[in-house]
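Asks: Listed here are the chains, written in short residue letters.
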Amino acid sequence: MENFLEFLVVSWFDPYLLFLTAAGTMAGIYVGAIPGLSVTMAASILISFTFKWDVNDALALIAGIYMGGVYGGSRTAILLNIPGAPSAIATAIEGYPMAKRGEAGEAIGLTTVMSVFGGFIGILALAMFAPVISKFAIMFTSRDYMLLGMIGILLVGTLSGESFAKGAFAGALGVLIGMVGLDPMTAEGRFTFNTITLMGGIPYVVAMIGFFGVAEAFVQLHGLNKPVIKQKIDRIIPHFSDVKLYFWLALRASGIGTIIGALPGTGGDIAALLAYDDAKRTTKNPEVPFGEGAKEGLIAPEVANNSAVGGAFIPMLTLGIPGDAVTAVIIGALYIHGLKPGPMLLVETPHLFWFIVGNLALANVFLLIFGLTGIKVFTKIVECPKAILIPLIIILSSVGAYAIQNNPVDIYWMLLFGVIGYFFKTYGFQVGPIILGVILGPMIDSNYRRAMIGARGDIGTFFWDFASHPISLVLSVAFLLMLLSQTPLWPVIKSLFGQKSKVLGK
Amino acid sequence: MSTENHRRPGELVFVILLLLASLWLFWQSILISGFSGLSTPGVFPMLASGLMVVSTLSILRDTARRAPGGHGFNRFLEEITPLRQAVMLGLVAFYVVLMPWFGFVITSGLFLFASISFLWRRNFLLTAGLSAFALAIIYLIFRIAFQVVLPKGTLF
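Quick note, the sequences are listed as chains D and W, same order. Counting with this note's numbering, you get residues 11 to 516 for the letters of the first sequence. Counting with this note's numbering, you get residues 790 to 945 for the letters of the second sequence.
This list has only true hints and no planted wrong ones.
Some chain W residues flagged as far from chain D (calculated, every beta-carbon gap over 12 Å):
| no. | residue |
| --- | --- |
| 1 | A856 |
| 2 | P857 |
| 3 | F862 |
| 4 | N863 |
| 5 | F913 |
| 6 | L914 |
| 7 | L944 |
Covered by chain W, per the in silico footprint, the following chain D stretches (three or more residues, Cβ under 8 Å):
| no. | region |
| --- | --- |
| 8 | 183-197 |
| 9 | 409-423 |
| 10 | 428-439 |
| 11 | 457-469 |
Far from chain W, by Cβ distances over 12 Å, these chain D residues were calculated:
| no. | residue |
| --- | --- |
| 12 | G210 |
| 13 | P296 |
| 14 | E358 |
| 15 | P360 |
Hints in this document: simulated from the structure, not taken from any laboratory. Since the structure is predicted, the reported quantities are computational estimates derived from the model, not experimental observations. A virtual CB, placed ideally from N, CA and C, is assigned to each residue, including glycine.
Isolated chain D (complex conformation) (with noise of 0.2 Å):
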């Protein structure tokens, strides 16, 4: 613990890391501006080559990605009027007017620097909290772990789609594709259906690449015909009385930013979205009307999707839960690695936290300086053919699929994927519970056994234990109100509780 800062900065000072994390951030900048690709596409494509790599490499590439990737999507929202990404639509909402009145440079400069802000203060509280969180984690069992694999399904299952219905399925059906293969328990066949090709189940970075990459190039098939508008582009380093201006907005907008990124399931979109309904509500005299052009309504999203980067580290290193979909597909690549991201982490490998955060925070610098630069070359990129980046996007997942294990099979397996994929976005399911379910379905079902077999297979005794452990019965009670939210009888408690405070206030 002692030397931790010697692995912070591990990669500010080794040339290749040091490569690494900035092709990682530019990538990711460019991948998360074009629409189509999204980050977390290019995290589970690139993973399946990077797991031969060491360990550092691997990480340095990958959080340059997610850093890059989270805030590349405000620029082609700004330019163009298409968020590159979810976590980019309220930034075009004021963006685009902006770039309209020709103070396209001013918005991105402006994003830029608050978005570095956003991202200082994730990895700050990454850095503070992570350790404490785990210390507490140490004393979870099985039991809880359980339940924080329940919850974690259960809000992105709730959070994105059109109904719970279809969030539930899309979950439990992740779980069944999970449990594919020999139980690793008993060393029985799970749907093997007596295939060899099936005891080893199916990898879940192939069920990712299917599912985000191939299907969502489907999806994209739509639009491909949409025009490409061009802008003109002058002052980028913005005004330093803006940046002391909005100080206060932006402190709070990471704050929002970092708790929801840090909450399972919820990431950057979603943090974005309700640090500009925040600044909205708040901000009583903007210069300009919202929706309009509002410098505040483009800040409070964008500092907010690059502090939830910090923010959705926090669970994941510390209990294993994912905190959106891009740290899920990092959990898989932590795995592969042979890490078991959890409460143990940081006490077996604390070098590896310390360079995580290190990692996070130079990825963060070179964000700043490409985010500055290269704005012209960026608009000619943007405006490449959807006709010709598809069937590329197809090409890549195919080789990302194969590279996992070098196996033909997992090709078939992702193309399918992709093709069912396509039917369920069209229909409005979501894809992200498949994949939590695909990561945490195994985790719930052998927490649950060992939960089981500790209670002696007594079903009395195995309920009691939820009730009569503190932290089950907190993680019960938090995990029964986020079940009973999802259901009509939601809205009445809450107005008789809203009802009773009235009263109470009177």
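For chain D, the structure is supplied; the task is to place chain W on it using the hints.
Replies: Positioned in the frame of chain D, the structure of chain W alone reads:
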């Protein structure tokens, strides 16, 4: 896409297919270890597939309640699998079938050329050049730099 009050074309059929698949998966889960204990490998798959059955039933109820979009199959072809998607699906199928014979490089080259010429519709030479260039970059990055072994076919 269509509004919330109307079903999307083909949605009802899709949900019914999901229900059938869920029921089959539930049956398969029961076959793993039956109802022999509470900590057997089959318990969790049964719970998950059971949840799939219940949730598809609820989705089916919601879907059936909404007004049909009308002209079911024709609109399905128009909106969900228009020519572009259908051709791309076909090309992906070809890609999967040809790969074991021709290997990754040739199959991907053919796929790139066919799909770009279909989607982009520029002249032959430009498309061929672009596909070859893209393939060369992919080969350089993945085969040479990342040392990924690319699938080989039985013929090449």
